[in-house]
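Undergrad: The chain contents come next:
Protein chains: 2
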Amino acid sequence: MDYLGAERKKAEFDVEDMKIVWAGSIHAHQLSDRISKLVANDPAFRKDDRTMLARKELFKNTLRKATYAWKLINELQLSEEEASKVRFYVDEPAFTDLHWGMFVPAIKGQGTDEQQKKWLSLSYKMKIIGCYAQTELGHGSNVQGLETTATFDPKTDEFIIDSPTLTSSKWWPGGLGKVSTHAVVYARLITGGQDYGVHGFIVQLRSLEDHNPLPGITVGDIGMKFGNGAYNTMDNGVLRFDHVRIPRDQMLMRVSQVTREGKFIESDVPRQLLYGTMVYVRKTIVMDASYALSKAVCIATRYSAVRRQFGSQNGGPETQVIDYKTQQSRLFPLLASAYAFRFVGEWLSWLYTDVTQRLQAKDYSTLPEAHACTAGLKSLTTTATADGIEECRKLCGGHGYLCTSGLPELYAVYVPACTYEGDNIVLMLQVARFLMKTVSQLGSGKQPVGTIAYMKRIEHLMQSHSDVQKPQDWLKPSSVLEAFEARAARMSVACAKNLSKFSNQEEGFAQLSADLVEAAVAHCQLIVVSKFIEKLQQDIPGNGVKQQLEVLSGVYSLFLLHKHQGDFLATGCITPKQASLANEQLRALYSKVRPNAISLVDSFNYTDHFLGSILGRYDGNVYPNLYEAAWKDPLNDSVVPDGYHDYIRPLLKQQLVPAKL
Amino acid sequence: MDYLGAERKKAEFDVEDMKIVWAGSIHAHQLSDRISKLVANDPAFRKDDRTMLARKELFKNTLRKATYAWKLINELQLSEEEASKVRFYVDEPAFTDLHWGMFVPAIKGQGTDEQQKKWLSLSYKMKIIGCYAQTELGHGSNVQGLETTATFDPKTDEFIIDSPTLTSSKWWPGGLGKVSTHAVVYARLITGGQDYGVHGFIVQLRSLEDHNPLPGITVGDIGMKFGNGAYNTMDNGVLRFDHVRIPRDQMLMRVSQVTREGKFIESDVPRQLLYGTMVYVRKTIVMDASYALSKAVCIATRYSAVRRQFGSQNGGPETQVIDYKTQQSRLFPLLASAYAFRFVGEWLSWLYTDVTQRLQAKDYSTLPEAHACTAGLKSLTTTATADGIEECRKLCGGHGYLCTSGLPELYAVYVPACTYEGDNIVLMLQVARFLMKTVSQLGSGKQPVGTIAYMKRIEHLMQSHSDVQKPQDWLKPSSVLEAFEARAARMSVACAKNLSKFSNQEEGFAQLSADLVEAAVAHCQLIVVSKFIEKLQQDIPGNGVKQQLEVLSGVYSLFLLHKHQGDFLATGCITPKQASLANEQLRALYSKVRPNAISLVDSFNYTDHFLGSILGRYDGNVYPNLYEAAWKDPLNDSVVPDGYHDYIRPLLKQQLVPAKL
Ligand SMILES: Cc1cc2nc3c(=O)[nH]c(=O)nc-3n(C[C@H](O)[C@H](O)[C@H](O)COP(=O)(O)OP(=O)(O)OC[C@H]3O[C@@H](n4cnc5c(N)ncnc54)[C@H](O)[C@@H]3O)c2cc1C
Ligand SMILES: Cc1cc2nc3c(=O)[nH]c(=O)nc-3n(C[C@H](O)[C@H](O)[C@H](O)COP(=O)(O)OP(=O)(O)OC[C@H]3O[C@@H](n4cnc5c(N)ncnc54)[C@H](O)[C@@H]3O)c2cc1C
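Each protein sequence line maps, in turn, to chains A and B.
Residues in the first sequence are numbered consecutively from 1, following full-length UniProt numbering.
Residues in the second sequence are numbered consecutively from 1, following full-length UniProt numbering.
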């Protein structure tokens, strides 16, 4: 029985068409659909027991799944694209993520052709398993401060990799703790007694015969992380080197080399090339944000339509909680955000192609902008997604706190995205630096490009007044864009003005950094708002599809405007009256989302397996399934619990003295 | 070695005196100090392994600790106050929390003298163990919608307790799943064929001889909840009744009774009496918020002083991350919030005494205000605390994601406080209702009392202008109060105006509920701000103590003002210029907090055991301890992991076909 059938009938658009928009293309939709069902229908990928397993069992089970998936990929002769979708839908962090997502790209990006030939062919067949060992116990954000050393020994033509201090222990790399045979290790290159800063080296860690760590290597897992199940399927590791020797040709030498004699040479390939990889990785993270948020939103939306509380009249059914405006005002902006992040991710794919082509043509002019933009979007989308998942969990009331809701694990497994690949605050400070540089160069003839191009119109933006006079005026993309551009520009200019009061710019930047982060956030929100609007300028086929997306785009921007109205008002971009009109329009948009809500989350096309949530079941049949699942908890193995005779009974019987305590 | 010694020397106030302020009195300080050390020094209460244990082991261990603690309490003949501190410092959710915190108070509040005599004497000795069974699978927030029935059978003078539907299964009660012998069960009272709404009944669930469920009772645990360790030490349970009979005198009959003949009588004791218990429970929750937040802040503050990243000059040490203004602007408001919540909690204790005395004198005039105020403060402080704990975790970068940081478990165990004892949004809507009622009665001669008394000055507040002209003006309590009062009053009045446009008030309330929640939040923030200011009007002894608290009070209010500047600007309470002056003053206050930060968290007087965090260690010796703790993870039991032969080796050796998968 489809408990949500009535909801589905309300939709004012064609769900099948929206699925294609969400996936990005017909091809992508068909691929996702096929692979997600393949995974969902294979009992080997069952994950409903994950949160109940103790660490060792959990981890062993992940090894099984990863190996089984690899077998499947080989047997079915899946393409690279298909294989990565298999890993995606298996939905369990594993060493393979780092092997494919960091080790292979690092070699591709930083290895010479020869190195690529050798190491990639081994990696592609998984004859070796690699990880990415950068962070140390004492250094994460400050990569230049890493302490591990790679000292060239000209006598033997080798590097000696060493961990000179406790804090130089590698700490955090995924896949390192128990599985990887190799790692790309970042270490300070020392040759001829001189320190040439941090470079990457391929180091074998474990024997390919018996998996024991090689001499001089101490390696293990760093222990339990946030949540049950979640990221504990991953063996984030600790690693110490005691003068481990590797051949010279295992330094990744695409951008700099050490010769047989120990001479350090910077190659003519510019370091900027490495930025390409960074844009790629961050694009993936933004995409992942939209997937994680959409999962949470799908669960909370379906359950909000199933859950009824209060408002029963004459013994009729109670009100679905999705009909409460407070519920809508918390949930629908997240639904809109999921779509917004999806489209900005799509745009980042375009940006990556663009950057790659420019790099090949040795055009480095757009790199600073692309770098700031991806850093900012990574920070913005991961923070909003982590917070959004928790909000979705709370939207499910008490039942959201149960692991069977899927939401606790989703949060715990997602939230480190705010920290890895750049701490979100540190990244926003980078954006702020770029903004201050842009402002300082205005009028110097250097034209701002890409997502910062609006700064060209700075004079206009500093003094413009919003033309909004009635709620519906806030539906005009031009009015929304103008307000967001003016806010971002004015916040940047205000910071720049305050900065100029300091004689020491670095000191000023440090003192004002909290304000600078706010300006950077305003800039990044503008990017997301504008990319959503740009998406709607494209041709989007499907009955009612574009109209729905227009509503969501409005919800996304007006929700942000309301949430940050302090910025808009303080900078005088809009008046209190206009802020209140925006809020009124926002409320009207929520009512438009309401009948389409279930179909908008159906459009993500997620299987029940992928969602992993009883509250988010497609059929809405929540209660009997919650009830049944409860009995599977290990505590229910026996009616009278372990510990009754030792503890509970002596307590009740007032016989504590002889009790074994 | 004390790595934080240099930090401690910087303090500009007397830490020992601040400890007394934090504890509330010399007596309370000495008691806390003694009991916390007693618990910390007893290896039976070790908790560092908690996040690694599988459910059954974890739970059994909790039974052991709870029983051991009870033994200790008896052997040492501890007072009730001391005993509750023991449970507090053991710091592990257990059935005893519900027994002492809900079962006993429910009987006290709702039982007749006779019932109290019988059941409390059993309970005080723990000859029976009780829980509080209200929530059902289908009903939480809407208590009046509960489905469990208690039908009076005049033939046998018994009630028949029954679960007529699946959704009427009791679901969530702590201590129910595996331990409780008894429960206070909320059920619809039916007598003479008529439904008299929800009442409480004492029901025995399990045999006192062998702990088996009594006939007609199905009971079990509802399964894993958010996080490892955390609330999984608690047996939240499911319970179904199949026509279970209990004697008539097990209905809690203080406010209403059923006679031998089955006649329902509302006693002359007014239902409002029950509000007293609610004020008590919520006061405790607000206190707990300050404890949980202060723990998180203590960990993040100490670690922020230990952690160094970037900014090394000439090979000197890097910058302590606590010196970054972004770190301060995230951390110090939380430090200030911990103190703010502590003081508002203290004030709530006074309120509880006041309410109790008034109830005894049959003065019910302040009850609606007290009820709204405690509902709002519960909502405000628990939301801020849950978010604050997560922020503290993120402030610790990657290492905050490790369970050994203590923060993941602290978050997971704390966050349901946003949901239980009233969903935080539902509570804010109650506050909003009270606000709208107050506004509508202004001018009717009915004088607003207590925390809403500022509404008496509504005419002034609607048109006042802040007199702030320079940053320091924001240090004047009167200027701060005036701004917060004006903002709260104007937001309420604006909502009331919008409401009046609706012909149907209920419909209007529903439509505007998101705005109403914002107005309620503004009102509740004002309460916390004003109680902090009132606290500072008292005599506070100790060198520099009061000065520090004044700084924190300023941080708390100006941080809120900055965060919600949209409200202040939209309502015209302050100008953009004044908002910017507030921000400037806030920045100056952060610099004043900085040298005192470590000592301000030392003043909480938490033992390392209670904190349960390597990052938050008193001695700051973080890295060697993180490193050592890692090796205790079960995955490190063997160098080569379980699963190597079955999965990793076949993968590496390309021998997947014969692998057992
Ligand atoms: C689940 C997970 C997986 C990971 N996987 C890998 C992996 O595979 N390989 C790998 O090498 N690493 C990995 N990491 C490590 C990760 O990259 C780092 O944790 C991350 O870069 C953050 O650095 P940190 O931990 O040193 O934080 P810190 O820099 O110590 O941050 C602590 C606080 O200081 C603040 N701060 C730091 N610098 C500044 C500044 N200049 N200005 C203002 N504030 C500042 C931060 O905002 C933060 O609040 C992983 C981490 C996690 C949690
Ligand atoms: C860890 C934990 C321990 C607990 N312990 C106990 C216990 O010992 N005994 C016991 O009896 N219960 C217990 N509970 C249950 C708890 O009291 C309920 O979960 C709580 O009251 C919330 O109710 P709900 O789950 O029905 O949420 P719901 O009411 O279903 O909330 C779902 C969503 O609907 C929204 N909503 C609901 N009504 C309205 C409305 N009128 N207007 C606007 N929005 C609305 C909420 O804001 C929320 O977003 C516990 C719960 C937890 C998580």
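Because the hints were derived from the structure by calculation, they are not lab data.
There may be inaccurate statements among the hints.
Since the list gives no way to pick one copy over another, a pair counts as held whenever it fits inside one copy or between any two copies.
[As the list claims (entries may be wrong)] Taking lysine to any residue and the SDA-like style, the derived pairs with C-alpha atoms no more than 25 Å apart in a straight line are:
#1 Lys56 to Asn636
#2 Lys37 to Gly197
#3 Lys56 to Trp631
#4 Lys501 to Asp473
#5 Lys37 to Lys660
#6 Lys263 to Asp642
#7 Lys108 to Ser79
#8 Lys85 to Ser123
#9 Lys60 to Pro471
#10 Lys325 to Lys563
Undergrad: Against each hint, give a clear statement of whether it holds in the structure.
TA: Going through the hints against the structure:
For the identical chains of this complex, Lys56 and Asn636 are neighbours both inside a copy (21 Å) and across copies (9 Å), given an alpha-carbon limit of 25 Å. Within a single copy, Lys37 and Gly197 get their C-alpha atoms no closer than 48 Å, and across copies no closer than 48 Å, so neither meets the 25 Å cut-off. Both within a single protomer and between protomers do Lys56 and Trp631 lie at most 25 Å apart by alpha-carbon distance, with minima of 23 Å and 14 Å respectively. For the homomeric pair Lys501 and Asp473, the shortest alpha-carbon distance between copies (22 Å) is at most 25 Å, but the shortest distance inside one copy (39 Å) is not.
With identical chains, the CA atoms of Lys37 and Lys660 are at most 25 Å apart between copies only, with a shortest distance of 23 Å across copies and 52 Å within one. When the C-alpha separation of Lys263 and Asp642 is checked against a cutoff of 25 Å, the pair qualifies neither within a copy, at 67 Å, nor between copies, at 45 Å. Taking CA atoms no more than 25 Å apart as the test, Lys108 paired with Ser79 passes inside one copy only; the shortest distance there is 19 Å, against 69 Å between copies. For a Cα distance limit of 25 Å, the shortest separation of Lys85 from Ser123 inside one copy, 19 Å, qualifies, whereas the shortest one across copies, 57 Å, does not.
Taking the closest pair of Cα atoms, Lys60 and Pro471 never come within 25 Å of each other, the shortest separation being 57 Å inside a single copy and 60 Å across copies. Both within a single protomer and between protomers do Lys325 and Lys563 lie at most 25 Å apart by alpha-carbon distance, with minima of 16 Å and 23 Å respectively.
In terms of the numbered hints stated before, the structure departs from hints 2, 6 and 9, listed from lowest to highest.
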